[in-house]
Amino acid sequence: MATANQSAFDMSLDALSIHQGATDQTMITTQPPSKVMTRVSAVLHEMGFGIQEKSSFKYRCTTVKKDQAAEDTSPLPSPGLANNASYGSPSDDSADEVRFSVELTKIAGLNGTYILDIRRLRGSLTRYKVIYDTIRNKLELNR
Numbered sequence: 014m015a016t017a018n019q020s021a022f023d024m025s026l027d028a029l030s031i032h033q034g035a036t037d038q039t040m041i042t043t044q045p046p047s048k049v050m051t052r053v054s055a056v057l058h059e060m061g062f063g064i065q066e067k068s069s070f071k072y073r074c075t076t077v078k079k080d081q082a083a084e085d086t087s088p089l090p091s092p093g094l095a096n097n098a099s100y101g102s103p104s105d106d107s108a109d110e111v112r113f114s115v116e117l118t119k120i121a122g123l124n125g126t127y128i129l130d131i132r133r134l135r136g137s138l139t140r141y142k143v144i145y146d147t148i149r150n151k152l153e154l155n156r
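Residue numbers (this note's numbering): 14 to 156.
It is worth saying that the hints were derived from the structure and are not from the lab.
DSSO-like mimics (lysine-lysine), calculated; alpha carbons at most 30 Å apart, straight line:
| id | residue 1 | residue 2 |
| --- | --- | --- |
| 1 | Lys-71 | Lys-142 |
| 2 | Lys-67 | Lys-151 |
| 3 | Lys-119 | Lys-67 |
| 4 | Lys-71 | Lys-48 |
| 5 | Lys-119 | Lys-48 |
| 6 | Lys-142 | Lys-119 |
Taking the hints into account, I'd like the entire structure generated from these sequences.
Structure representation (structure tokens):
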């Protein structure tokens, strides 16, 4: 017999988009969506991104330009933003701001199988790739 919480969970799963585009096999998971998004949120906060929640399953994220973080003379750190955050070696990680989205989507025809879709919206492709790889490694969705 389904409970009220279970039916609310099922309704929220209906809000998941169907995955379209390229598939990164390491981003596929059968873990419960709520567990995946809790882990995603923790990793994004740990890495110091500015995060805007678009829905329960989609975030819009922004890095801080390194020179902007260095210029910030406020005695209080900006909430959700890591000062002088670097996500790779200086040769791979430019100082540019990068905007990207993180969304959990369903894979059509495979009930209970999801994929985390991370897409660059704006900024350096090189820095985005470093960020993408770092997020993927920290999440360990297939382990």
